[in-house]
Amino acid sequence: MSNVTLKNVNKHYGPFHALKNIDLDIVPGEFVVMVGPSGCGKSTLLKTIAGLEEVTNGTINIAGRDVTREEPGDRGIAMVFQSYALYPHMTVRQNMGFGLRIMKRPPEEIEAAVQRAARILRIEELLEKKPAQLSGGQRQRVAIGRAITREPHVFLFDEPLSNLDAALRTQMRVELATLHKDLNATMIYVTHDQIEAMTMADRIVVLRAGVIEQVGTPLGLYHNPANRFVASFLGSPRMNFFEGIVSSIEDGAVVVNVDGLPPLAFANIREGHGLTQNATVAVGVRPEHLHLSGDHEIQAPAKIRLSEQLGRETVLYADAGALKTVGSDTGTSDVTLLAGEGGIPAEASTVTFGFDTNRAYLFGPDGQTLTTEKTIGA
Amino acid sequence: MYPKPIPPSHRTSRILYMTGVWAVLAIWLLPVAAIIMTSFRTFDDIMAGNYWGWPTKFNILENYAAIFQHTDMLVYFRNSLIITIPSVVLVLALSTMTGFVLSRHKFVGSTLLFAAFIAGNFMPYQVFMIPVRDLMVSLGLYDTYGALILFHVSFQLGFATLFMRNFIAALPGELFQAARAEGASPMQILRIIVVPLVRPALAALAILLFTFIWNDYFWAIVLTQTDAVKPVTAGLANLRGEWVSAWNVISAATLFVAIPPVLMFFLMQKHFVSGLTMGAVKG
Amino acid sequence: MTTPRQKMLERWTPALLLAPGLILFFGVIVFSAFRTFWISLHEWDGFGTAVYVGLANYRELWTDPQFWMSLKNNAIWLVVFLLAPPLGLAIALLVNQKIAGMRFAKSLFFMPLVLSLVTVGVIFSWFYDPTFGILAKIFGLFGAEAPALLSSERYVTFAVVFAGLWPQVAFCLVLFLAGLNNLDSEIIGAGRVDNARGWQMLRHVVLPQLKQVSFIAIAISMIGALRSFDIISVMTSGGPFGSSSVLAYQMYEESLFSYRYGYGAAIATVLFAIMLIFIVWYLANLLKNENGA
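Taken in order, these protein sequences are the chains called A, B and C. Everything in the first sequence is counted per this note's numbering, starting at 679 for the first residue and increasing by one. Everything in the second sequence is counted per this note's numbering, starting at 2 for the first residue and increasing by one. Everything in the third sequence is counted per this note's numbering, starting at 202 for the first residue and increasing by one.
By construction, these hints were calculated from the structure, which means they are not laboratory data. There may be inaccurate statements among the hints.
As the list claims (entries may be wrong) - Pairs of lysine-lysine, BS3-like flavour, derived with a Cα cap of 25 Å:
1. A:782 <-> B:5
2. C:412 <-> B:271
3. A:698 <-> A:725
4. B:5 <-> A:725
5. C:412 <-> B:5
I would like the entire structure built from these sequences, with the hints used as guidance.
Dropping the structure here:
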């Protein structure tokens, strides 16, 4: 139980600046998930915390101790690797007890620690097996068990579920969340899977190109993304983005013209937004906020191109004529909508969809969110 | 990576480490350095016992000219090329064929055949000496290039087949199934799919075979007799008998013999190393 | 449409492709292996007719002191060559760093591997030369006189094996470098997290991953030891008085110089038998690994 503090951490690989001025404070018992697209530096960041990569500058504190220049084994961390990294020539028991054995702990103590971890993970009957004899899920458990035996201050997970099939992934996700509650341990978890991030995290750290874009609770990030990148990264299907031009600014209200829509008047704009007339901005609306029925401020017609029926919900891709999205999942300029159980429009039919401006986000030319915070859950 | 990399930021450690490496290397290559220096010296220097000091006079041209003017090294050198190049080409062609069949066609005895190739490859080849020599005599090939080419091709086929079989077996099986589905005959598969894809393996194999065959000494002295067909290795050994204490000339000749494989090695080092590890690690 | 003739051809293509290689390999190599054994049961001068003598050649071997000397020297070669894998590993660990100039240094370490053994033999003969060689110089530094290694019945084999070890270490170095490059970096990371360092890391985390490579390095060194011939021929011709001879060299001398082909073949058969033990061991390991994987 301890905190992890990163101060101004930088990492260079030759000319490549992999981590840029990372500041992060993790409180005891917290489950922090770091997400971002591949190459964003999330794994590098985890490895610098582990000590497997040296930082170029900055400091790392674990449990109140500066460990920046210490070896991984001295930092009081344990790590679960993507490939599990079990020692192939050792039995499960030897794998789990190896760290304590290196520390020259008495055999009884090692055995007790191994037994305790095995009990927690329900792998007592696997102790005599070699990793090659285990299934993927079992290896995963052993890797976690090995981490538990070390009784670390912090658990580090590097995309631990990415090698499992979908069903097992869900199961392990739930088990890890339970484990976190039971052990009440500090955990730092790296993934590129936003579902893992949303479901497991106390707080999510979104990284892009070596920079922390935003830190916050899952719902906080979902409803109040700091910028367009975070808005597009979290949420599936992805938020719709429309390009627009600022037509007027008065009394804090900003009117934006988007091709194919009536003028959008944003009343809830942050102070100091710095917008000027004719500035190019982006308007973002999540698919679940585009409604196929009811009265809404803004309405537009669209022709359904394709529907993906998922049972509980149906994802619709619609051609809204002059209204075009940019940077969508599908690589088209179609608008993405969600249809509930009732009334799924037929493909090729024309519908009218609508939304309220207070549900929409406005992103400035630099991508920063300009609309004020929305209340979560409303 | 193990051992742990010394980070670029630790400049002093890196310089010290490299200095240590060069020091070990200096000891490692001491024999080679010595022989290079000797090949520059005059005979007087050698007679005076100046082996390690600076040569009193550089005699490079004279020493190397001596091997061309007063010895048959050039003839031996030409012989080595005449023996080595066709042998390498033949082994490459034949082993592509055998390797392809053994990797892609299962038949009765294919495992046994494969085991025979491995076993042949490992044998101390000296055990074949008496029958092979006898065979070459009865074929009328003894003391001709043909004897050495025939033997080298037959013997290296073991290693080469193993090598090609492993390489072709590692190619994706779907490739072959797709070709079969499109109606390609085994011959077309070999020509259109295998040959273009095995090029890197052939390059690696070629340089290995070149080195093995060029450096062969045993078969050179067992299967040839006259200077007209002797390869460089046997020639060099002869030279030592004739130029007993003219170490400067012998050194020059020794280096001359080593030029082709060393040159090949430096030009195609990647292929050489990958070939050696591929051949060994999988075989 | 494929005609029946084409179909026939396709059916036989694999056999046709195999044929030339098989004919050569079996006709020259495999046939010779069996014929060596057959000749070993005869008294033959290489020209006239061979006379069947049963196991007489083997009985003679049993009482031939030179045979035991050669066998003992082969054993020395085997034992000393077992140093090649650890030495190769040591150099591999030394040069497995990415520092400017290391690539070139590595190539220079590989170099003995591409030199012909004749070249190596010549280089070392000169190295050991009792009047001019570097060994003499080193002894001279201490005011001592260098032993004439190559004319000492006691030291000659060790002096020759040492020369043979040089390229063999380079070979093992190449293998281990490839092995080190294939290490699983996450397992090394796990070892570091578990606080394994230095020797413990090597012993418990790295070496187990190099098992396969080590096995090959050992096997290849053993084959190399049993194949020793060139260096002996160049450096000592088996002398003085046969004290540096090995089975391969003795066979060569008995056959080509004493015209005792049957006796030579018997020596070759013994060598063959020794090698067979290694091959069986090697193949068994290989098959076990292939089945295990």
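Structure-based check of all given hints:
1. A:782 <-> B:5: 23 Å, holds
2. C:412 <-> B:271: 24 Å, holds
3. A:698 <-> A:725: 15 Å, holds
4. B:5 <-> A:725: Holds - the C-alpha atoms of residue 725 of chain A and residue 5 of chain B are around 15 Å apart, at most 25 Å.
5. C:412 <-> B:5: 20 Å, holds
Hint check: no violations occur; every hint is consistent with the structure.
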